[in-house]
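S.K.: Listed below, chain by chain, are the residues.
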Amino acid sequence: LAKTTQPISMDSYEGQEVNITCSHNNIATNDYITWYQQFPSQGPRFIIQGYKTKVTNEVASLFIPADRKSSTLSLPRVSLSDTAVYYCLVATYTGGFKTIFGAGTRLFVKA
Amino acid sequence: EAGVTQFPSHSVIEKGQTVTLRCDPISGHDNLYWYRRVMGKEIKFLLHFVKESKQDESGMPNNRFLAERTGGTYSTLKVQPAELEDSGVYFCASSQVVTATNEKLFFGSGTQLSVL
Chain A
1 LAKTTQPISM
11 DSYEGQEVNI
21 TCSHNNIATN
31 DYITWYQQFP
41 SQGPRFIIQG
51 YKTKVTNEVA
61 SLFIPADRKS
71 STLSLPRVSL
81 SDTAVYYCLV
91 ATYTGGFKTI
101 FGAGTRLFVK
111 A
Chain B
1001 EAGVTQFPSH
1011 SVIEKGQTVT
1021 LRCDPISGHD
1031 NLYWYRRVMG
1041 KEIKFLLHFV
1051 KESKQDESGM
1061 PNNRFLAERT
1071 GGTYSTLKVQ
1081 PAELEDSGVY
1091 FCASSQVVTA
1101 TNEKLFFGSG
1111 TQLSVL
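Top line first, the protein sequences correspond to chains A and B.
Per this note's numbering, the first sequence starts with residue 1, numbered consecutively.
Per this note's numbering, the second sequence starts with residue 1001, numbered consecutively.
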């Protein structure tokens, strides 16, 4: 299974760009990388997904190098409301599709 | 469009009692997942339904846990009898894509279960 490793926590200030890197050394050829955001008392919410190179949407960018053993979630100009836990996931097929959550990265944005 | 809904949002029961959690996935989503987060621990996979069939139940802790998805619509997760270590937040998620690893999961807000 493609287990992911992320920093436990990060601090930032409003208006800064935040980059959270995730390692997934055992990623399989067909696996996609997906990032979720979770606020207290809520379920995780999809942010962005990619397979390789760069993906950008209205919320974030995702950078994936050629070897795909890591990925970086980039949040431009964070605000206080971006304080949350961010999870990097790789879905793996093992007779069924199993999505493994890691510990996530707790981002704290300060004023 | 309604999202994934879970009921109840909170449940407080005594050890030895039975509790049934319910999840209504997004309409048309064949995949339904149950996850659990015990206090201070990571979110753990419990099981995966494809329509009414259990695709993977390797994460179910023991035989006190029973999940069903009759008719391939909503799902229930029953804990009988509940133990103290069953306390935690139970999340349900659904997705539309069945056969690819680029599926996007839509999560409910979870059920906070407290066993006293």
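Read the hints as simulated data drawn from the structure, not as lab findings.
Virtual Cβ for every residue (Gly too), placed ideally from N, Cα, C.
Some hints here could point you the wrong way.
[Unchecked claim] Derived BS3-like pairs: lysine-lysine, alpha-carbon spacing no greater than 30 Å straight-line:
{"no.": "1", "chain 1": "B", "residue 1": "1054", "chain 2": "A", "residue 2": "98"}
{"no.": "2", "chain 1": "B", "residue 1": "1015", "chain 2": "A", "residue 2": "69"}
{"no.": "3", "chain 1": "A", "residue 1": "3", "chain 2": "A", "residue 2": "54"}
{"no.": "4", "chain 1": "A", "residue 1": "3", "chain 2": "B", "residue 2": "1044"}
{"no.": "5", "chain 1": "A", "residue 1": "69", "chain 2": "B", "residue 2": "1078"}
[Claimed, not checked] Among the chain B residues that face chain A by a calculated CB cut under 7 Å, a handful are:
{"no.": "6", "residue": "1040"}
{"no.": "7", "residue": "1043"}
{"no.": "8", "residue": "1045"}
{"no.": "9", "residue": "1056"}
[Stated by the list, open to error] So these bits of chain A aren't anywhere near chain B, every CB distance computed over 10 Å:
{"no.": "10", "residue": "9"}
{"no.": "11", "residue": "11"}
{"no.": "12", "residue": "12"}
{"no.": "13", "residue": "34"}
{"no.": "14", "residue": "49"}
{"no.": "15", "residue": "59"}
{"no.": "16", "residue": "66"}
{"no.": "17", "residue": "77"}
{"no.": "18", "residue": "78"}
{"no.": "19", "residue": "79"}
{"no.": "20", "residue": "98"}
{"no.": "21", "residue": "99"}
{"no.": "22", "residue": "100"}
S.K.: Are the hints correct? Go through all of them and say.
M.R.: Going down the list of hints, with the structure as the test:
The hinted pair formed by residue 1054/B and residue 98/A meets the criterion: a straight-line CA distance of about 12 Å does not exceed 30 Å. Only pairs whose Cα atoms come within 30 Å are accepted, and residue 1015/B paired with residue 69/A is rejected, the gap being roughly 44 Å. Only pairs whose Cα atoms come within 30 Å are accepted, and residue 3/A paired with residue 54/A is accepted, the gap being roughly 21 Å. At roughly 13 Å between alpha-carbon atoms, residue 3/A and residue 1044/B fall within 30 Å of each other, so this suggested pair holds.
Between residue 69/A and residue 1078/B the alpha-carbon distance is near 38 Å, which puts this suggested pair outside the 30 Å criterion. For residue 1040/B, the interface hint is violated, the least distance from its beta-carbon to any beta-carbon of chain A being 10 Å, above 7 Å. The restraint placing residue 1043/B at the interface with chain A holds, with a minimum CB-CB distance near 4 Å, inside the 7 Å limit. For residue 1045/B, the suggested interface contact is upheld, since its CB lies about 6 Å from the closest CB of chain A, less than 7 Å.
A least Cβ separation of about 3 Å between residue 1056/B and chain A falls short of the 7 Å threshold, and the interface hint therefore holds. Every C-beta of chain B lies more than 10 Å from that of residue 9/A, the closest at about 14 Å, which supports listing it as non-interface. Annotated as non-interface, residue 11/A keeps its C-beta farther than 10 Å from every C-beta of chain B; the closest such distance is 21 Å. For residue 12/A, the requirement that its beta carbon stay farther than 10 Å from each beta carbon of chain B is met, with the minimum near 23 Å.
A Cβ of chain B approaches the Cβ of residue 34/A within 10 Å, the least distance being about 7 Å, so the stated non-interface status is violated. Taking the minimum C-beta to C-beta distance to chain B, about 6 Å, the non-interface status of residue 49/A is violated against the 10 Å cut. At the 10 Å boundary, the C-beta of residue 59/A stays outside the reach of chain B, the nearest C-beta of that chain being 13 Å off. Consistency note on residue 66/A: stated as away from chain B, and its beta-carbon is indeed over 10 Å from all of that chain's, at 19 Å minimum.
The beta carbon of residue 77/A sits about 25 Å from the closest Cβ of chain B, which is more than 10 Å, so the claim that it is off the interface holds. Taking the minimum C-beta to C-beta distance to chain B, about 22 Å, the non-interface status of residue 78/A holds against the 10 Å cut. Even its closest Cβ contact with chain B, about 22 Å, leaves residue 79/A beyond 10 Å, as expected for a residue assigned away from the interface. The Cβ of residue 98/A does not lie farther than 10 Å from every Cβ of chain B; its closest approach is about 6 Å, which violates its non-interface assignment.
A cut-off of 10 Å between C-beta atoms contradicts the statement that residue 99/A is not in contact with chain B; the least separation is 7 Å. With a closest Cβ-Cβ approach of about 7 Å to chain B, residue 100/A is found to fall inside the 10 Å limit, against its non-interface label.
Checked against the numbered hints listed earlier, the structure breaks hints 2, 5, 6, 13, 14, 20, 21, 22; every other hint is satisfied.
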